[in-house]
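Protein chains: 2
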Amino acid sequence: MQSLKDRIRAEATVIGTDILKVDHFLNHQVDVDFLQEVGQELYRHFQDEPVTKILTVEASGIAVAVAAAMLFHVPVVFAKKSASLNLDQDTYTSEVFSFTRQTSYLMKVSKRYLSQEDHVLIIDDFLANGRAVQGMIDIVKQAGASLAGVGIVIEKGFQEGGRLLRQQGIKVVSLAIIEAMDESHIEFREEQ
Amino acid sequence: MQSLKDRIRAEATVIGTDILKVDHFLNHQVDVDFLQEVGQELYRHFQDEPVTKILTVEASGIAVAVAAAMLFHVPVVFAKKSASLNLDQDTYTSEVFSFTRQTSYLMKVSKRYLSQEDHVLIIDDFLANGRAVQGMIDIVKQAGASLAGVGIVIEKGFQEGGRLLRQQGIKVVSLAIIEAMDESHIEFREEQ
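Order-wise, the sequence lines are chains L and D.
606 is the number of the first residue of the first sequence in our numbering; add one for each residue after it.
606 is the number of the first residue of the second sequence in our numbering; add one for each residue after it.
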C-alpha cells in the first residue's frame, strides 16, 4: 500500500534497529480517515474469502479490525489479554510471549464467539515475531474454525513472524513490509 | 437510543444487580453494523461542538470511539493502561481505580497528542462509577485542552459516575441509562 509506505517513510521514527514508532497515526493516536483506507485495502485482499468473523487482540488491533469489518459486515471478536471478572469462564486460551513487554500473558476468547462454523480473518496492526498471531491461530484451531488468512498493517520482515506463518501455508497480507531499518533509513520489501 | 435499549432488554444478561453482560455485541464481540448506528447517534449529539480529538481508553472504548470519529473526521487518542516500552516517556498520567478489576492502574497519554489547542470529546462503552472518565478528564485538564463532553453507550444510572459528572456541569450523553436491574428486569431512565 503505497500511501502507507510513504507515510511510514515521511513520519515514522525508528529507535535503534527494532522499534518503529507510528503511534501518531496507528496505535496510540489513530487517523481514522487513513484507517478507513487501510480497512479498504485489507478488504480488497480478502473479499473473495467467505469470512464470518474478524479476530484481533486488544488493544491496538481493534481499530484496524473494526475498519475492515465494516466492509465485510461481520463481527469483530477481540481476544482479551487478562482475565476480567466480567469475562466468561468458558474460554479458548493461549499463552503468548510479548517481546514488547518481555512477559507472557494469557490470550482469551469466550467460546461463545468462535465455533466450527466460522471462517476467521485475523487482523493486527503489527507483525514482528508473530507470537500474538500464533496465539490467535491456536484459538481458531481450538474452536475448530477455519482460517481465511492474516491481514497486517506493518510487518517487520526482518523478524521471523511472517516467514513462519507463510511456511505454514497461511495467506499473510501485510500492507507494508519493512526489510531493514535504522534511524536514517527504512527499506521496504518489494511487492510480488 | 431505542434500538440500543431494545437490544439490551432482549439480549443482555444481568448477573446479580451489578454486572450487565453485552459482550456479544459491544465489548468482546462487536457488531460493527450496530456500532455504526451508535457512532451516528453520538455524532448527532455532539456535532455542533468543534471537536478536534476523541479520547477513549483501551480496550473496549476503542471501537465506539473509532465509529464516532469517522463521522467527525478527527483522530482518536486512546489512553494506555500500562507502560509499554514503545510509549513516550513524556505522558499525561492519571491513577484510576477499576471496580471491575479491583485494582488501580496508571492511565497514560503521550503529551504529543493532546494540547491546549484541542477540544476533546471523551467516549467510552460503559459509565458506572465514572473513574475511567474522571481519569480522562484529569488528562484533558493536564493538557490544558477544553472538554466538549462525554459520550457513553451504556450508563449504569444507579451508580454515581453520571451524577458526579453532570454536577460538574459536564455534558454527558448516554445512549441508554439503566435505572435499576436484576436478573429478571431492566428499567431504563426516561429520556428528558
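Just so you know, the hints here were simulated from the structure itself, not pulled from any lab data.
No experiment lies behind these values; they were computed from the predicted model shown.
Any given hint could be a false lead.
As the list claims (entries may be wrong) - No more than 30 Å apart at the CA atoms, straight line, and that leaves these computed lysine-lysine pairs for DSSO-like:
1) K716(L) x K626(D)
2) K610(L) x K626(L)
3) K776(L) x K746(L)
4) K610(L) x K716(D)
5) K610(D) x K626(D)
6) K626(L) x K746(D)
7) K776(D) x K716(D)
8) K626(L) x K776(D)
9) K610(D) x K716(D)
10) K746(D) x K716(D)
11) K716(L) x K610(L)
12) K746(L) x K626(D)
13) K610(D) x K716(L)
Said to hold, decoys possible - So the derived label-pair ranges between C-beta atoms look like this:
14) Q645(D) x L769(L): 39 to 45 Å
15) Q652(L) x D623(D): 40 to 46 Å
16) I775(D) x T622(L): 44 to 50 Å
Yeah, the Cβ is synthetic: ideal placement off N, Cα and C, and Gly gets one too.
**Q.** Violating hint indices (sorted, rising)
**A.** Going through the list in order, the structure violates hints 8, 9 and 11 and respects the others.
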